[in-house]
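Chemist: The primary structure of each chain is shown beneath.
There are 2 protein chains.
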Amino acid sequence: MTLEGKSLIGQQAVAGNSSAIHAVNPATGEQLDPAYAGGSAAEVDKAAQLAWDAFDAYRETSLEDRAVFLETVASEIEAIGDDLIQRAVAETGLPQARIEGERGRTCGQLRLFAKVVRAGEWLDVRVDPAMPDRQPMPRADLRQRHIALGPVAVFGASNFPLAFSVAGGDTASALAAGCPVIVKAHSAHPGTSELVGRAVQKAVAKCGLPEGVFSVLFGSGREVGAGLVADQRIKAVGFTGSRSGGTALMKIAQQRKEPIPVYAEMSSINPVFPLPAALKARGEAMAEGFVASLNMGAGQFCTNPGLVIAEKGEALDAFVAKAGEVLKGSASQTMLTPGIFDAYQQGVGRLSSHDKVREVARGQVGETPNQCQSGLFVTAAADFLADEALQEEVFGSTSLVIECADAAEVKQVAEHLEGQLTVTLQMDDADLDAARALLPTLERKAGRVLVNGWPTGVEVCHAMVHGGPYPATSDSRTTSVGSAAIFRFLRPVCYQAMPEGLLPEALKESNPLGLKRLDDGQRES
Amino acid sequence: MTLEGKSLIGQQAVAGNSSAIHAVNPATGEQLDPAYAGGSAAEVDKAAQLAWDAFDAYRETSLEDRAVFLETVASEIEAIGDDLIQRAVAETGLPQARIEGERGRTCGQLRLFAKVVRAGEWLDVRVDPAMPDRQPMPRADLRQRHIALGPVAVFGASNFPLAFSVAGGDTASALAAGCPVIVKAHSAHPGTSELVGRAVQKAVAKCGLPEGVFSVLFGSGREVGAGLVADQRIKAVGFTGSRSGGTALMKIAQQRKEPIPVYAEMSSINPVFPLPAALKARGEAMAEGFVASLNMGAGQFCTNPGLVIAEKGEALDAFVAKAGEVLKGSASQTMLTPGIFDAYQQGVGRLSSHDKVREVARGQVGETPNQCQSGLFVTAAADFLADEALQEEVFGSTSLVIECADAAEVKQVAEHLEGQLTVTLQMDDADLDAARALLPTLERKAGRVLVNGWPTGVEVCHAMVHGGPYPATSDSRTTSVGSAAIFRFLRPVCYQAMPEGLLPEALKESNPLGLKRLDDGQRES
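One line per chain: the protein sequences are U and X, in this order. Note that the UniProt record's numbering numbers the first sequence so that position 437 is 437, with each residue one more than the last. Note that the UniProt record's numbering numbers the second sequence so that position 3 is 3, with each residue one more than the last.
In case anyone wonders, no lab produced these hints; they're calculated from the structure. It is possible that part of the hints are untrue.
Note: identical chains are not told apart, hence a pair may lie in one copy or across any two.
[To be verified] No farther apart than 27 Å at their CA atoms in a straight line, the calculated lysine-lysine pairs in the DSSO-like style are these:
{"hint": "1", "residue 1": "K46", "residue 2": "K411"}
{"hint": "2", "residue 1": "K356", "residue 2": "K257"}
{"hint": "3", "residue 1": "K257", "residue 2": "K411"}
{"hint": "4", "residue 1": "K257", "residue 2": "K516"}
{"hint": "5", "residue 1": "K516", "residue 2": "K115"}
{"hint": "6", "residue 1": "K328", "residue 2": "K6"}
{"hint": "7", "residue 1": "K312", "residue 2": "K356"}
{"hint": "8", "residue 1": "K202", "residue 2": "K312"}
{"hint": "9", "residue 1": "K411", "residue 2": "K508"}
{"hint": "10", "residue 1": "K280", "residue 2": "K322"}
{"hint": "11", "residue 1": "K328", "residue 2": "K312"}
{"hint": "12", "residue 1": "K312", "residue 2": "K322"}
{"hint": "13", "residue 1": "K322", "residue 2": "K516"}
{"hint": "14", "residue 1": "K508", "residue 2": "K251"}
{"hint": "15", "residue 1": "K411", "residue 2": "K322"}
Turn these sequences into a full structure, and let the hints steer you where they fit.
Modeler: Dropping the structure here:
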């Protein structure tokens, strides 16, 4: 498939006039063709107007039509075949098996949302029947459903070129909610973005939907990204990336005439708490699991375990020694972009040169460009507590072990943490009381609490929470992974005394969609 | 019952050191005793620390204990008896019957949330069972529930001294969610606030809850109000009031180290759309209903119908003439505070002196202080579209009729509107197509769409949405009235592979609470 290097606006391919973007193969440093002409205000305006024009019709598509559309997007992505895999590998330096797995996850995610759309629970239909004879005042018939917020701007993430990019989780959940989507493609994988964008474009046409349901724009964050978030026709934003990027978008969104929600997944160091009995009984095995999680994907996951917090002593020493030994032998891995590699080098440098931090081990040095050399460091709880900078995320395969005097200090460090996507307990039965004492703190700090697993690997399912208190995300009330992600793009509307002929399908007294409504406070079964 | 004039912090009564607040009887201008010593940073700190200390225990109270607490608050409010009614009447100028009705609503609201808490649907429990044999990767057991956000700051509203004040809807829903509450009492009704605050204080003690579950502070918005919103221990804010007040709180909340959600219900002019057939068939009866809604409570409702949008012609002229005639005879009513009266006078003055606005009628002039003289005005759609200022809410009994050339201009005016709490259609069967054409716009603009009713009178039930796009509220995804208000104060947490002994009650495999969980995406019945 020939790449054109153009933004996809509705059913058209449009060349922008701003500076061109070139992908770079991070494994070789080689620049990849074609050039992607950057968009500007004109392309933002065109895509936003098309999205706005499509909104009222798209949000009222039937559950079945919308589900089929999501499934068609999945099939069209699969139909690209090997071209997609090869291009994504070249643009990201990620292994082929990983990209293939990620394609499966992306298409599975779209099909999960198709099921969620059909089930219709997201409509949260509530009916409070009229009480014409109530004293002192009658009650009118009141019905509630949820409707889509409006066109959504989605920012592709560098570290998931498929699953959190053009047709990733944010796009799938926004489309499922009934929102048109405009993607600001990540500049690190424009070819992958064009290929997936064309697949979505085809699905829109095949399903006979208004073209403005989907566009993907190439360009700079400042011009295209900020322009989208500031546009009055955009009503919500999905973003996965850095803290500085996320907070910049939050600020733009808040300064609009009509402020809008920004769902930014930004920053997390995912503390692991090995509890005493588990640490003593199986510290070495734990160390192997820990380093495997730390090194996965060169540590370029939002849920990478960047912090280990435990009571000091022989058991922790043995864990650290073993982890250091395993890490020392770990091969270097190509990072996603030269920029990410540079930031990683600087972050590890800050730890290496910190006078309160001890370097335990570094992994193998790379021989090709942009290779991540893993790092393991140790510091004392008091030093960690005294220096906010030690909580800063180093994106990549690096972790810091915090030695605590006792359980009370472990809890103190936990309370001191910023908001996280995940926290992990490593525990045995004998640790149950210690775990119970920590749990209230951990729940307050994170969106997901794991026991005896590792935080990398985020299941796409119904119970998943990939979210958490600020700065892990901008909105702790939500998740960006799993079926509950749809709720981010909905708002409730109440219809009072509306005649059956005017009521939307979901609310008609005849209940043509067969929904289990909340009827006067009782769930229909 | 003797009023002490002190803030209630946990179980104590505390005198502040800032300027004192005196209630004023708006019907007489008379100052009411006692003086309320204003709190400052010290009181904010004390209440916030107590709330923080109470949080972990309170959010894990059993559903039954929490429900009984809410019911006990209701009983304790009723137990104050006539003292509460008399004081509220003196502080607000509202009629006794209205205050009695509002007490009923307030207690009913608390009891509704008790039922909601017991039912447990708000926990939104989701279980995705482990799949140990899944290929290529096993799935861990994943469970989700919702937990409380943290201590909540609630700002009492001037226009609902009971139902949206110390133990009103924001407080009831936050307590139901498991959040301790600190109320910043409205300075217009401190005595009412103290009485209700003591009732809640008693309920906390009777139920054996940690004292920090509830406090009420007196003081200035700048010192106590802003101090609460900026405090790192406060995790959400509930506010009903002016647009300037709400946006000021939003700004403080966004500038915190950890930004927090502000649920501000601020500003709405609640447009009414009389459609042609209905206007022709029953314009005069409609005019009577309209003026009755407009004059209710001196127009001091968030849902007061401040705008009428219709096609010009004989039918609209007859409606306007009749409405003007009824309004001319309407008695003046005492407004809540001298400040609100002054703002009303200025707002009506802006309309009266606007060169594109025609005064149709004014109501009776008052003979006692602070009396609202109703107003009805007319302007042309083109003039309304050309002047943003004509969309500004005038809090009180005043409405502006917009004459449109045709249905297309009606729609154009609707699209031009800012976000609203309500929009109302007055329609007959022959108007169905016209209504259908307008509905997509109306849904986008408001949280509640009414047919053939009037927007005043907000039912406390399950399907109610008292919310809407900015600037009606700060967060269109929520409602501040009705049982769904609880969702504002919750966030999801996922528990991965957690042993049964550590799992919270709601998530145990044995399902001791008997909840209907979402099991692998299927709703249990």
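Chemist: Hints numbered earlier in the text: which of these fail when held up against the supplied structure?
Modeler: 4, 6, 8, 13, 14
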